[in-house]
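Trainee: Chains as they are written, first to last, in our numbering: chain A, 1 to 80; chain B, 1001 to 1724; chain C, 2001 to 2215.
Simulated from the structure, these hints should not be mistaken for laboratory data. Heads up, some of the hints might be wrong.
[Claimed, not checked] Pairwise CB distance ranges, derived in the manner of DEER restraints:
#: 1; chain 1: C; residue 1: 2028; chain 2: B; residue 2: 1503; range: 54 to 62 Å
#: 2; chain 1: B; residue 1: 1342; chain 2: C; residue 2: 2105; range: 55 to 63 Å
#: 3; chain 1: C; residue 1: 2076; chain 2: B; residue 2: 1183; range: 35 to 43 Å
#: 4; chain 1: A; residue 1: 51; chain 2: B; residue 2: 1195; range: 54 to 62 Å
#: 5; chain 1: C; residue 1: 2034; chain 2: A; residue 2: 58; range: 24 to 32 Å
#: 6; chain 1: B; residue 1: 1617; chain 2: C; residue 2: 2159; range: 54 to 62 Å
[As the list claims (entries may be wrong)] A short, non-exhaustive set of chain C residues, derived as facing chain B with CB atoms under 8 Å:
#: 7; residue: 2019
#: 8; residue: 2073
#: 9; residue: 2137
#: 10; residue: 2139
#: 11; residue: 2202
#: 12; residue: 2203
Think of the CB as a built atom: it goes at the ideal place given N, C-alpha and C, for glycine as much as any other residue.
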Amino acid sequence: MTRVRVLIRPKAGILDPAGQAVERALPVLGFEAARNVHVGRLVELDVEDPSRVAEMCERLLANPLIEDYEIVDPAAATGA
Amino acid sequence: MSRHRELGLTDREYELIVELLGREPNGVELAVFSLMWSEHCGYKHSRKLLRTLPTEGRAVVMGPGENAGAVAVGDGSQVCAFKVESHNHPSAVEPFQGAATGVGGILRDVFAIGARPIAVLDSLRFGEIAGSARSRYLLEHAVAGIGHYGNSIGVATVGGEIYFEPAYEQNCLVNAMALGMISRDKLIRSAAAGVGNVLVLFGARTGRDGIGGASVLASAELGEADADKRPTVQIGDPFAENKLMHCSLELLDRGLLVALQDLGAAGITSSASEMASKGEVGLDIDVRKVPLREAGMAAFEIMISESQERMLCVVEPSKVDDVLAVCARWELDGTAIGEVTDSRRLRVFDDGELVGDLPVTALVDECPVYDLDPAPPAEPLYPAGERLLGERTGAAETLLALLASANIASRRWAFEQYDCLVGSRTTRRPEQADAAVLLIEPKGGAEGARAAIAVSIDGNGRRVACDPYRGAVEAVLECAANLACVGAAPLGLTNCLNFGNPEKPHIAWQLTEAVRGLGDACRALDVPVVGGNVSLYNEGAEGPIYPTPVVGIVGELPDAAVTATSGFARDGDAIALVAAEGWAPSLTGSELAKLRGAAPAGELPQADIGQVGALHARVRDAVRTGAIRTAHDVAEGGVAVALAEMCLLGDHGAQVDLLRHDEAALFGEGPGAFLLAGDEAALRDFGTVIGTVGGDLLAISDLLAIPVEDLRDAHEQGLPSLLA
Amino acid sequence: MRYGVVRFPGTCDDTDALLAAEQLGEAALLWHTDHDLRGIDAIIVPGGFSYGDYLRVGAIARFSPIMQEVERFAARGGLVLGICNGFQILCEAGLLPGALLPNVSLRFVCRQVELEVQRSQAKWLRGARPGDRLSVPAKHTTGRYWAPDPVLDELEAAGQVVLRYAAGHNLNGSARDIAGVCNHAGNVVGLMPHPEHAVDVLTGSTDGLKVLAAA
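Bound-form chain A, shown alone (with noise of 0.2 Å):
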């Protein structure tokens, strides 16, 4: 079994209130100003086929019109 990664987020151009309002809380809380802050997902799981998982992306995981999807290398994963 491999524990896979997926970090799911907004696409690119769609308005995400959720990142804007961490991107104002963030200096008021005295850390200096982050840029294009974005809230999105993550689904970790263990998978025997782990080069099935970009079509569990695809079908259930995110939704391609509304978010991007990448899924962490599993190798580089385990290296951390």
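Chain A is already provided as a structure; the job is to place chains B and C on it using the hints.
Mentor: Frame of chain A; chains B and C shown alone:
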């Protein structure tokens, strides 16, 4: 440090346990005792006082002692079940989940007796948000949590109240009330019965949520180490509760259950103990049969876990398969975990091995009950607050300042986060009338009179701090007045008593006096107490909270089409001020006094409860004739604020003349007065007509003339500007 | 007219939809695992939090057995109305264009709003005429309608925009004030506001009946 002290038991209590068991308790048994004998579960310091409250009434179907109270409504075939509960300590630690699980818990209490939940109300109290980022955080997250849970499960949140006082800065209050409807013949009780019957646990899996929650959080003052109490806060899943509710109601509908009990504080331990105690039977439970979410849970952990969204039921052996099938259909775990015995003991097994053996009466009936040692405080308990308004402000400036103040400003920011419509029963939404109104039958397009239920939740802290007896009386009168405004007759009351540490004499005094006031007011108004909750130890290093009794009253009215609004309805309507004999509004303990920096002290006006009750009845009857279109009781901010609210809520101006022009007459508070608007002829019989609805200004004698638009801006912007 | 109202685990406004539909005809509940549409003439996919809104609103519900039947029914020209969560499910299922995103305020909002009926292909809203103003409550966290601009242009040109929020009433930031859309043939309609909560003069307006009336 002996382990019993770590679990919150006194040495004397430990000795008692040894006496009752005839030996020393083992780890599992001690954990069980520590929870059953905690203040939260055992009501050690409040039980004697609560017994003094009136609990009988012609409409009462279920009184205190069951999962919820219930009153008959309409023709008596339908019953409304309701109760209020606190979730104060968990909300101070994690406000979103604390408030959410508070709602979840009270909903379960209602459907545990077979009633379909139809409404939620909540009473919230925090520190001053102007000066405290923490209180803003608690407010925002508690409101979000209530919305999240109530909206997701699909029960309308129809009313509530929010107050801000420095005394709640360390200890916020989150009290949640729920109502449900059921046919009278379908009510189910929680007493386990039938030796050999099976104990089934259904709902979510069990994890380590809230372990030690009831004993650790609710029976101790909160100190600096709160952060490490965070892991014990329960996480709620409203989706699971939605399924649990439908499943429970279906099981009851199909007549598959002997008894039903929800799991709340202290989990399986308290539910099983109470079921066994009421039924005068014993229960054998094997914890290893409980479906678990976490690996390697010890027996005591499984017994005391406060994982949410679980119910226990007693089922005849021949019906167990059917019960499990219904659970499966609703995608819930359902498992037989034990059986009813005649041993009168709670026996805990771990995969067949006996790990705990307790007499049920020791856990429930023989829980120690303590006498309070009340004594009035030797010195003032609460400091003066911040002065926000000058001593010599003109009437207009004062009125606008009050409308924009944290305790009076519009709560739209909060209630728009709640679904107040699901269920199709709500005929009066927040800010439409003084009480929420819900149809008993939601069928649209129905002909004839449509009977309805009215409900309000009202509490009082600052005025109870001034005078616990009179303040508590006022809380009941205020709530009943709200019902009178919509033409509803009160049927029953539920109360949540939020106080500090009762082992301290001055707090014991507050509690004793407040319960005395509560009892006297209920007896005089003939409104029985059908259930409630007590939350003690609400204090920290900075001192105790204001003594805060919160009451919820459910009433009924014959026709939802004939009721009144809070806002003026029609140009040309006459306006009358009607007051009970002896009504004496004063600035003591008022919102104006608070804005001017006064401490909560001084003598409150003495209300003649009988006279006030008689006035409520007259207002109620007048509203039912249809001649009164607007009814609003005089409360925070006095007559001037009430008039302003009636203008801005109805979007109509008014011109009124008041006999007295002093500040007490304009802004003074005290129970026993209403402002009514409607047909002039009807109002003349009633009280003094003081003016007329019309125009786009509120004009009071020659004291002030303010555009309704300005009143609305102050009112609507009050809370958002404090939160910005 | 025989209406079928779908219920998923987590659906909230199904009983309300049944009550409302019963004022216009007969109504029956369709359980999410059913494959049998029981001879109904029109389907309502109601509001709520199906599957807890987990993962994405409507994302899980759209795969349930009943939805396969709804898709076939729609393909045959059957009448389908998605309300709030129902609208979200129909978009996830591809029966309607676009998607619903979180409200700009990021909060749940429950408020009475005014809608303007558009000239459209919709085979629902038979009780209303283009230009009519309807008062209907909206209550949701994820109601901001969005589609890429070229798609919106097409929808407008093809008469697939069914309802817009009146000026000052767009409570969630929906693109071009769009409150409801339909498919090309007009038999499938989705809207965020709740017509089933506007069918009783005592609980608000009765404009919802005009929306639920279908050809």
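Trainee: With respect to the beta-carbon atoms only, verify the hint that residue 2034 (chain C) and residue 58 (chain A) lie 24 to 32 Å apart.
Mentor: Given range 24 to 32 Å: holds, Cβ gap about 28 Å.
Trainee: Holds or violated: is the Cβ of residue 2202 (chain C) closer than 8 Å to a Cβ in chain B?
Mentor: At 5 Å from the nearest chain B Cβ, residue 2202 (chain C) passes the 8 Å test, so the hint holds.
Trainee: Closer than 8 Å between Cβ atoms is the bar; does residue 2203 (chain C) clear it against chain B? Give me holds or violated.
Mentor: 6 Å, holds
Trainee: Would you settle whether the hint for residue 2137 (chain C) is holds or violated, based on the nearest Cβ-Cβ distance to chain B being less than 8 Å?
Mentor: Constraint on residue 2137 (chain C) satisfied, holds at 6 Å.
Trainee: Holds or violated: residue 2139 (chain C) as interface residue toward chain B, Cβ cutoff 8 Å?
Mentor: At 5 Å from the nearest chain B Cβ, residue 2139 (chain C) passes the 8 Å test, so the hint holds.
Trainee: With chain B as the partner, please determine if residue 2019 (chain C) meets the hint condition of a C-beta pair closer than 8 Å.
Mentor: 6 Å, holds
Trainee: Taking the beta carbons of residue 51 (chain A) and residue 1195 (chain B), is their distance inside 54 to 62 Å?
Mentor: 59 Å, holds
Trainee: Within 54 to 62 Å: is that where the Cβ-Cβ distance between residue 2028 (chain C) and residue 1503 (chain B) falls?
Mentor: 60 Å, holds
Trainee: Is it true that residue 1617 (chain B) and residue 2159 (chain C) lie within 54 to 62 Å of each other by Cβ?
Mentor: 59 Å, holds
Trainee: Determine whether the Cβ-Cβ distance between residue 1342 (chain B) and residue 2105 (chain C) falls within the hinted range of 55 to 63 Å.
Mentor: 59 Å, holds
Trainee: Go ahead and decide if the range 35 to 43 Å is satisfied by the Cβ distance of residue 2076 (chain C) to residue 1183 (chain B).
Mentor: For residue 2076 (chain C) and residue 1183 (chain B) the Cβ distance comes to about 42 Å; the hint holds.
Trainee: Tell me if the interface restraint on residue 2073 (chain C) is satisfied: Cβ within less than 8 Å of some Cβ in chain B.
Mentor: 24 Å, violated
Figure legend: structure checked against the earlier numbered hints; the only hint not met is number 8.
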